[in-house]
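Kindly produce the complete structure, drawing on both the sequences and the hints.
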Amino acid sequence: MAGSSSPPNIVLIMTDQQRWDTIRAWGHSWMHTPNMDRLARNGVSFRSAYVPAATCVASRAAMFTGMFAHNTGAYSFNNWSHHRNWVQDLSDAGYWCVNIGKMHFQPHFDAPGFDERIVVENPTSPPFICNPSEPDDAWGHYLNSHGAKRPLFRNRTDPDWTSKIQAVPWHLDEHLHSDVFIGNSAVGWIKNQRYQEKRKHPLFLQIGFTGPHEPYDPLPRHLERYEDAEIPDPIFTDNEFDKKPPQHRAHQENFANRPGEGVIPLKDASLEAMRTMRKHYCAKVSTVDEKIGEILDELEAEGILENSIIAFCSDHGDMLGDHRLPYKWLMYEPVTHVPFIVWDARNDPQGTDVNSMVSLMDLGPTLLDAAGIKIPRYLEGQSLLPWTRGESGPSHPFVCAEDNYQTMMREERYKIVLYTGAEYGELYDLDSDPYELDNRWDDPALHGEKCRLLDQHRRWLAESCYKASPFKSRSYQSPPPREPTAPFYLHG
Numbered sequence: 001m002a003g004s005s006s007p008p009n010i011v012l013i014m015t016d017q018q019r020w021d022t023i024r025a026w027g028h029s030w031m032h033t034p035n036m037d038r039l040a041r042n043g044v045s046f047r048s049a050y051v052p053a054a055t056c057v058a059s060r061a062a063m064f065t066g067m068f069a070h071n072t073g074a075y076s077f078n079n080w081s082h083h084r085n086w087v088q089d090l091s092d093a094g095y096w097c098v099n100i101g102k103m104h105f106q107p108h109f110d111a112p113g114f115d116e117r118i119v120v121e122n123p124t125s126p127p128f129i130c131n132p133s134e135p136d137d138a139w140g141h142y143l144n145s146h147g148a149k150r151p152l153f154r155n156r157t158d159p160d161w162t163s164k165i166q167a168v169p170w171h172l173d174e175h176l177h178s179d180v181f182i183g184n185s186a187v188g189w190i191k192n193q194r195y196q197e198k199r200k201h202p203l204f205l206q207i208g209f210t211g212p213h214e215p216y217d218p219l220p221r222h223l224e225r226y227e228d229a230e231i232p233d234p235i236f237t238d239n240e241f242d243k244k245p246p247q248h249r250a251h252q253e254n255f256a257n258r259p260g261e262g263v264i265p266l267k268d269a270s271l272e273a274m275r276t277m278r279k280h281y282c283a284k285v286s287t288v289d290e291k292i293g294e295i296l297d298e299l300e301a302e303g304i305l306e307n308s309i310i311a312f313c314s315d316h317g318d319m320l321g322d323h324r325l326p327y328k329w330l331m332y333e334p335v336t337h338v339p340f341i342v343w344d345a346r347n348d349p350q351g352t353d354v355n356s357m358v359s360l361m362d363l364g365p366t367l368l369d370a371a372g373i374k375i376p377r378y379l380e381g382q383s384l385l386p387w388t389r390g391e392s393g394p395s396h397p398f399v400c401a402e403d404n405y406q407t408m409m410r411e412e413r414y415k416i417v418l419y420t421g422a423e424y425g426e427l428y429d430l431d432s433d434p435y436e437l438d439n440r441w442d443d444p445a446l447h448g449e450k451c452r453l454l455d456q457h458r459r460w461l462a463e464s465c466y467k468a469s470p471f472k473s474r475s476y477q478s479p480p481p482r483e484p485t486a487p488f489y490l491h492g
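As numbered in this note's numbering, residues 1 to 492 make up the sequence shown, in order.
Since the hints were derived computationally from the structure, they do not count as laboratory data.
Hints should not be assumed to be uniformly reliable.
Claimed, not checked - Below, in silico cross-link-like pairs of lysine-lysine (DSBU-like), each with a Cα-Cα straight-line distance of 35 Å or less:
1. 244 - 149
2. 450 - 267
3. 243 - 164
4. 244 - 164
5. 164 - 149
6. 467 - 450
7. 374 - 191
8. 243 - 374
9. 149 - 374
10. 243 - 267
11. 191 - 149
12. 164 - 191
13. 267 - 164
As the list claims (entries may be wrong) - Derived DEER-like restraints, expressed as beta-carbon distance ranges:
14. 447 - 116: 48 to 58 Å
15. 349 - 447: 43 to 53 Å
16. 461 - 176: 40 to 50 Å
17. 176 - 228: 22 to 32 Å
18. 267 - 303: 37 to 47 Å
19. 424 - 376: 15 to 25 Å
20. 376 - 459: 33 to 43 Å
21. 268 - 154: 20 to 30 Å
22. 158 - 270: 45 to 55 Å
23. 200 - 451: 52 to 62 Å
24. 176 - 116: 16 to 26 Å
25. 253 - 303: 47 to 57 Å
26. 115 - 148: 25 to 35 Å
Think of the CB as a built atom: it goes at the ideal place given N, C-alpha and C, for glycine as much as any other residue.
See the structure below:
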């Protein structure tokens, strides 16, 4: 329906902890992702998209408020739902706003801007680890109604849990898997809208999958596809931590020895065990991909897709054994570089690749621009919508991310990571060292570049604080004082 004058429906599909190198259409031949490939075939693939933070809550807080952590106080698992978010701008403009799955508001059930929610949080976190007074989520109730229980504390009951390094195929009926539940809930919600009064409104539908976040528990039939797949091995060198900040080794040791189900000892894990782990992770991407296909088919069947903009992204990536490290929290490329695709189904298929750097801070401005809503001044991103029209759109000379006591600034060639209150840091020449194995923070040959990047960081920080000042003066609810937190590598 090209040229339609009605406001577009907006569907935002988010995964959790998905690396950029997990889409077959993006050149990663070991992946089976026909539906992510469909998005890439029809939309604009932002091949150099970076997140604003290295953990779930911090990244989503920045993405949805449009402000970095230094302006919201949401550096980690801090509360952020008291802040204004751009979903409220969509709601104020007449959109019917729905969340199905993971949003990671903090507190979880505070949802300014949304008219309806089906809340699903981390599958293996007790409801809820950040606020034990909160009730169970929709998936937990669904499990209970089928006589099943949330998989919790398997490290206490499975003597082989540690050696599995999170590679555990789904063990119950398929419909009980959290991502299957989310996908089925989304399809059911879309199907039931045809008779609803709410269909008179343009739709904003956020669908948040919990995968491929650990545990890496794909449906067994998806794992079978990867039995003989040639997935790249993790990249690391011996003794590379000797030239890196102490948080790297502490992160490795913390998760190797933690008491909870997230324990994952990678320091001495065999290459074969890590290959098995990576196959399970890729298979879990395929589990999510299958449900994305069903959602797209249902949107098309209900006549919603033809006047819709579909955005697809993840909140951060996963180390998967690179540098012999697990999960996220650090500012390596496998964590900060993620998939990001925007498909404007009102236009002819695009299939365009954009290689210039963009930020997930651009998500809100892009969707507001698509809806014809004036972009608030305090949002720190920019609209990427021109790219979807076949025009040359904006990009960034550098991207930034903040998380706990660290800040990343990345250009095309150089990348710097600062640690609050520390004299040490990280500096990489990505042209000669794309895998970030050689920290050159103390290298005299790059002293000039380090000084330039430090100055650029100071100027960015000052401009960012100034840009957010109109927001702060608007009498939106002020954030509470930042709660003291342990160093990021000690967080659960």
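Status of each hint after checking the structure:
For the given pair, residue 244 sits about 42 Å from residue 149 by alpha-carbon distance, which is inconsistent with the 35 Å threshold. Between residue 450 and residue 267 the alpha-carbon distance is near 30 Å, which keeps this suggested pair within the 35 Å criterion. A C-alpha spacing of about 30 Å is found between residue 243 and residue 164, which places the hinted pair at or below 35 Å, so the restraint holds. Pair hint residue 244 plus residue 164 holds up; C-alpha atoms about 28 Å apart against a cutoff of 35 Å.
Taking the CA atoms of residue 164 and residue 149, the gap is about 21 Å. The hint holds against a cut of 35 Å. Restraint check: the Cα-Cα separation between residue 467 and residue 450 comes to about 25 Å, which is no more than 35 Å; the hinted pair holds. This hinted pair checks out: residue 374 and residue 191 have alpha carbons roughly 31 Å apart, not beyond 35 Å. In summary, the hint linking residue 243 to residue 374 is not supported, as the alpha carbons are separated by about 47 Å, beyond the 35 Å threshold.
The suggested pairing of residue 149 with residue 374 is violated, with an alpha-carbon distance near 46 Å, which exceeds 35 Å. For the proposed pair residue 243 and residue 267, the alpha carbon gap of about 17 Å is at most 35 Å, so the pair holds. Note on residue 191 and residue 149: the hinted pairing holds, with a Cα-Cα distance of about 28 Å set against a maximum of 35 Å. Taking the CA atoms of residue 164 and residue 191, the gap is about 39 Å. The hint is violated against a cut of 35 Å.
In summary, the hint linking residue 267 to residue 164 is supported, as the alpha carbons are separated by about 14 Å, within the 35 Å threshold. The hint said 48 to 58 Å for the Cβ distance between residue 447 and residue 116, and at roughly 55 Å that hint holds. Restraint check, residue 349 to residue 447: a C-beta distance of roughly 49 Å satisfies the suggested window 43 to 53 Å. For residue 461 and residue 176, the hinted distance range of 40 to 50 Å is satisfied, since their beta carbons lie about 46 Å from each other.
For residue 176 paired with residue 228, a C-beta distance near 28 Å keeps the hint of 22 to 32 Å intact. Range check, residue 267 to residue 303: about 54 Å between beta-carbon atoms, so the 37 to 47 Å window is missed. Here the CB-CB span from residue 424 to residue 376 is close to 37 Å, at odds with the stated 15 to 25 Å. Between residue 376 and residue 459 the beta carbon distance is about 22 Å. The supplied range of 33 to 43 Å is therefore violated.
Range check, residue 268 to residue 154: about 21 Å between beta-carbon atoms, so the 20 to 30 Å window is met. Taking 45 to 55 Å as the suggested C-beta distance range, the pair residue 158 and residue 270 does not conform, at roughly 19 Å. The hinted range of 52 to 62 Å is satisfied by residue 200 and residue 451, whose Cβ atoms lie roughly 58 Å apart. About 23 Å separates the C-beta atoms of residue 176 and residue 116, a value consistent with the hinted range of 16 to 26 Å.
A hinted range of 47 to 57 Å for the beta carbons of residue 253 and residue 303 is consistent with their spacing of about 54 Å. With their beta carbons about 30 Å apart, residue 115 and residue 148 fall inside the hinted range of 25 to 35 Å.
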